[in-house]
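Number of protein chains: 2
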Amino acid sequence: MPITIYDVAREAGVSMATVSRVVNGNPNVKPLTRKKVMTAIERLGYRPNAVARGLASKRTTTVGVIIPDISSQFFSELARGIEDIATMYKYNIILCNSDHRLEKELQLINTLLEKQVDGLLFMGAEIKEDHFHSLKTASIPTVLAATRDPEGKLPAVTIDHFQAAYDATQALIRRGHKRIAIITGPMSYPLEGLVRFEGYKKALLDAGLPYDEQLVANGSFRYESGLQSMGDFMKLAEPPTAVFAASDEMAIGAIHAVQDLGHSVPEDVEVIGHDNVRLAEMVRPRLSTVVQPMYDIGAVAMRLLTKYMNNEQVEDHIVLLPHRIEYRQSTKEMAEE
Amino acid sequence: MPITIYDVAREAGVSMATVSRVVNGNPNVKPLTRKKVMTAIERLGYRPNAVARGLASKRTTTVGVIIPDISSQFFSELARGIEDIATMYKYNIILCNSDHRLEKELQLINTLLEKQVDGLLFMGAEIKEDHFHSLKTASIPTVLAATRDPEGKLPAVTIDHFQAAYDATQALIRRGHKRIAIITGPMSYPLEGLVRFEGYKKALLDAGLPYDEQLVANGSFRYESGLQSMGDFMKLAEPPTAVFAASDEMAIGAIHAVQDLGHSVPEDVEVIGHDNVRLAEMVRPRLSTVVQPMYDIGAVAMRLLTKYMNNEQVEDHIVLLPHRIEYRQSTKEMAEE
DNA sequence: CTGAAAGCGCTAACAT
DNA sequence: ATGTTAGCGCTTTCAG
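Chains as they are written, first to last, in UniProt numbering: chain Z, 1 to 337; chain P, 1 to 337.
If you're looking for bench data, these hints aren't it; they were derived computationally from the structure.
Just so we're clear, the structure is a prediction, and the values are computed from it rather than from any experiment.
Here a beta-carbon is modelled for each residue, glycine too, at the ideal position from N, C-alpha and C.
Incorrect hints may have been included.
Derived list of chain P stretches under chain Z, where covered just means 3 residues or more per stretch with a C-beta under 8 Å from a C-beta of chain Z [what the hints assert, rightly or not]: (1) 92-99; (2) 122-132; (3) 236-249.
In silico lysine-lysine, DSSO-like type, Cα no more than 30 Å apart, as pairs [to be verified]: (4) P:Lys36 to Z:Lys90; (5) P:Lys136 to P:Lys153; (6) P:Lys35 to Z:Lys35; (7) Z:Lys136 to P:Lys36; (8) Z:Lys90 to P:Lys90; (9) P:Lys235 to Z:Lys90; (10) P:Lys104 to Z:Lys307; (11) Z:Lys90 to P:Lys128; (12) Z:Lys35 to Z:Lys58; (13) P:Lys136 to Z:Lys104; (14) P:Lys153 to Z:Lys104; (15) P:Lys58 to Z:Lys58.
If you want the footprint, here are the derived chain P segments under chain Z, 3+ residues with CB under 8 Å [unchecked claim]: (16) 55-62; (17) 72-82.
My request is simple: use the sequences and hints to build the entire structure.
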């Protein structure tokens, strides 16, 4: 039988209200009384029941995190940022994988609401009407991390995906390339897939370069699809001399495809990836890539969520974190960068 | 004001006990009554309060997971295995990072117990008396994943670390190497550090090969330490011709150190890593490595935990999953393998 | 098969 | 500064 607050009260010769006060750090307790209670707690080995507290106070100090796949390097880095800040603010995390499946996402939202989480952190490519519907029935604060909803209704922390892709493409253009390929993410991912593709096209357009469908491949973000796509590009009569890949894994796959054909990177083909996962520094040539601050996105998103949960004033509901390009060895050196 | 079970009862014209029964799938409800209740639930958009349920039933269908660092590829893969099985058995996961810090581990155990988790899954290098002490005060089932305690008191799911290191070293010996180096993990990690080192030494001993301290480097599991350690080895008067690294990252660092000096892998130096993280297939040469089934370890550990939580009979409290060596391109081909 | 009622362990007014 | 009391929303005997 576990020790309850009532046992402590009896042991200390005070009421349970007083015990509750000292446990919760309420200053309205005489120091001597506090000490008596503390001693009793110590002696009995009392451990407050957070479930009972949650029921009575209607706050669980727990937040739900819905993530597509924790085993991906991108999301696990993000999750670490979330967790660190959560810990800092005394929250715990219920972590759920959605595999990008709408149905599962909705079901998870529901389960988390049943568990009375104080807030929700959502990662996932696409936000649909269904999500809003589920969320609306329980009005708990929700923040999107590394994504946004189309209408900007929900608070979100992410980077400017369009600009990032534009910058990467432009970097390749500046290096004098005329035939620049792209390996995109799935088009079902509005931001990581579609928007990056748009950024690529716009950069070509602005530079007066022709858009060539042959230089576009649809990838899955995975290594294998980069390998495959680049292999196909190389079979073209006029293969690309530079590639922008929407993920680092695909970029590395692309590099290997080039190398496997006996060519070299960056001499024959320059490659820029996206995200800057740890992997990018652990391959040769080391990968030049758009750095997306995953950890920070998670951390800032969690911090934002704490503000909503505490009813603090927040000025910007949508925060765009800065991105930049880290030039390493898969692109040639240029003086001005 | 959220809808409660009481509201549903009134709407359906039954008692709250009956509503509780249908919500919990209790068969002792007349089909017609069940339907009435279901309709009311639907109409009101009732969502059961899991916190209240937890308080009343003393079961939260939540398990605590203490992991050193979710952003590491090794642990995030493990976490995915845990989560998948947890979902399958209707449990949710509270995920916490310990950074291998004893103090934080103990504090997390405490927090999770306060939250009344039904079980605990623990990952971390070292299990000390303190852990048992904390755990003992609340008697909830605990399973270790990818580690074991020294005395085998706690249920655990892992591989035979000694044998794995022995096998890897032996594989190198069979290839005719006389000077085989090892890049170990930190010795503060009993299994991943110390035991693997022991396995290495035993393999040398059994093969009648001399043990040379110069061929031992203490790494941190990280890429950089592999790079560094191998760089040092290569400066030796008589450098090693083969290396076993206690992690894939270090193995890849070692490969790059060799390559950076203008030598090649596996021609000049053969390398075997440990774990088989996704990374191993995304480098050139692709890494030969001891495969540790991370996902399975997580999955089996979670499955085992569910058995304890349901008071099911379990035969083996310690389960050793099989390991094997995957030969790729960082070792030379051999006919018999 | 259904209902009534007693908690689960704690917080939060409200008194004193 | 401390105690009293009424819930929080649900499960679970125990009756009927």
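Worksheet item: Can you list which hints this structure breaks, lowest number first?
Response: 2, 3, 4, 6, 9, 13 and 14
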